[in-house]
Amino acid sequence: MVKKIKPLSITASSLVTAAGCGKQLVLDAIQNNKTALRNISYPGLNFNTWLGKIDDIDNVELESSLQRYNCRNNKLAKLGLDTDNFRNDINSAIKKYDKNRIGVFMGTSTSGKAETEAAYTQLDQNNGRLPADFNMLHTHNIASVQDYVQHSLGLDGVGLTISTACSSSAKVFATAHRYINAGLCDAAIVGGVDSLCLSTIYGFHSLQLVSSKPCCPWDAERNGISIGEAAGFVLLERTDETTNKIQLRGFGESSDAYHMSTPHPDGEGATIAMKTALARSGLSHTDIEYINLHGTATPSNDIAESQALQKVFSKDITCSSTKGITGHTLGAAGITEAIICSLALENKTLPGTVNFKNTDLSLAVKVLETSVERSANNVMSNSFGFGGSNCSLVFGW
Amino acid sequence: MVSEKVYINGLSVIAPGLVEHDDVLAVLLGEKKWCPEPLPNLVPSLLPANERRRSTTLIKLALKTIQPLLKSDDDLTLTATVFASSDGDLDIDDKICRALGKEEKIVSPTQFHNSVHNAAAGYWAIAASMRATSVSLSAGDGTFAAGLIDALTQSLSEQQNVLFVAYDVVAPEPLNTVRHFDYPVGIALRLGTTREDSCLGMIQVSLNDIKTNITHCKNDSLEPLRNGNPIGAGIPLLEVLAMNSSESVILPYIMGKHLQVNISNVE
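Protein chains in written order, with the numbering used here: chain A, 872 to 1268; chain B, 1162 to 1428.
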């Protein structure tokens, strides 16, 4: 049986989503119940959909010494590092801990795969080779984003990239906790960066999981996800070093053991993840005052999550999905929604479910339709991914 | 430095010429030269037929490598796993990128769900009814060491057994030219905080800077395998474990750092 953990404090964070660069812009969207999804085109896209695209990526230049990492995903990572004073906060942390004692744990689903997609459109007609300047290891490789972040911030401690589809950047919190506990680092940067690429857009489209309208989680007429991109970073430190900060209080990870791309219909894996996160936090289910749902807006995901919620909480639990604002940012969804949870706590604002209109009677658990001013002490964030990879996090203060 | 130690209660490796347990042991003990032969079609018997049909060479390599580490009294539903692969499924990447290069851009749904880095873990969960914590990770050329550290932290944090498997295959052309590996390699270790009859030694890890030299294989003929795939980096550790020896090995990690693994014989 899992034991209660020592919490870690969130002492710095940054977030870039389609709502803009910086946590304040996401908070504005939450408070005004506004979607950041747009019905726009994307190079190579031949069907109509809504995207949570970040236009600012186009203006990012990587450091001249780090050009080998040049790709949309690492540009988005840099945008995140240069937002919300995060880089300066890390420089202060380096003075406190030293550069080799801060771990970097990143989550992504596709890293810089867009580079490989682009390289395949330029295959040499004669010998079938990829362009000579294509650097696969530093762009497409899953770990490229953590490698880039460590170089960009001047860190050389422990690190890795977790890639478990849409739970990737939730699971990094659990990993960071284990590494700090084992003494491998004294503080940890956890983050998630996932950028638009054709593989995911067409891949989800092939499974008929992409909505033709802005995604509407929990709605009776929901018909799929809207794909978004995001970069988020959090600095985690031992709680005895800090006061009055939002804490990571619990984490729960589980596997569905059911299907590669469909959740367990009764949400069994999700139930284990939520119960384990509660057990590690030492809290009762009645202590959780808000849940940021995985809430992707596919018909089967939302049903499975509602089933799981009923098994762990009462059906009156307060919850919402913020994917109607940001889109489903896939490997960055965990970090995006963890930071949204911290914004909810700090600003006494529980987010609503943007784009929700019609109640689905088959979902026993109801969502907050619009944001409300309400203070909370403990909240949960859910992230569930392909391959049946589930992660629930508890944050509080 | 991680002060606590964990037991290595089993090892498994699959690579060209290293498939049958007796051959593997003889080569790791230096009694036989390593002779690479093309890998046979790997069939992980635990995987239901339907899933086996949908799975890929990479997934089969990962699952087939873990299987010898299972024991009859294991509760696989509760056994944590670490799946470490530097590059993931390069065959699938090739197929999807070729499909996206065509006008109609039709991606196969099965290829798409197989393209996630945690595909092998997902198939393992289905095969073993595993509901436990499972991490799928990469650390580029430092993937073997990063996976080992991750498995160690999982074992220590919950005082539990962890099945750790690291695996990478050779890319098809044209990816093979830009990310070349000489051989496919799968390595699996059974870690735990209790000593089992099958115990090969205890390990303790610490990070070293660049000044230490990476450990080479004792059996010289294995050097091309160690250098031929990011996962091959783990072979020198397997040699020491197979010999029940007490030694340190230095493995490549990230950011120019090395991982020192101190192995102590527990017999």
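Read the hints as simulated data drawn from the structure, not as lab findings.
One thing to keep in mind: the hints can contain errors.
With a straight-line Cα cutoff of 20 Å, these simulated SDA-like cross-link-like pairs (lysine to any residue) come out [what the hints assert, rightly or not]:
1) A:LYS1237 x A:GLU1160
2) B:LYS1266 x A:LYS970
3) B:LYS1263 x A:SER1246
4) B:LYS1232 x B:SER1359
5) A:LYS1146 x A:SER1077
6) A:LYS970 x B:MET1162
7) B:LYS1263 x A:ASN998
Hint by hint, here is what the structure shows:
1. This hinted pair checks out: LYS1237 of chain A and GLU1160 of chain A have alpha carbons roughly 14 Å apart, not beyond 20 Å.
2. Of the supplied pair hints, the one linking LYS1266 of chain B and LYS970 of chain A is violated, its CA atoms being roughly 45 Å apart against a limit of 20 Å.
3. For the hint pairing LYS1263 of chain B with SER1246 of chain A, the CA-to-CA distance comes to about 52 Å; that exceeds 20 Å, so the pair is violated.
4. At roughly 10 Å between alpha-carbon atoms, LYS1232 of chain B and SER1359 of chain B fall within 20 Å of each other, so this suggested pair holds.
5. A hinted pair counts as satisfied when its Cα atoms are at most 20 Å apart, and LYS1146 of chain A with SER1077 of chain A does not qualify at roughly 33 Å.
6. Between LYS970 of chain A and MET1162 of chain B, the direct Cα distance comes to roughly 16 Å. Compliance with the 20 Å bound is thereby established for this hinted pair.
7. Pair hint LYS1263 of chain B plus ASN998 of chain A holds up; C-alpha atoms about 18 Å apart against a cutoff of 20 Å.
The structure does not agree with the numbered hints 2, 3, 5 stated previously, though it agrees with the rest.
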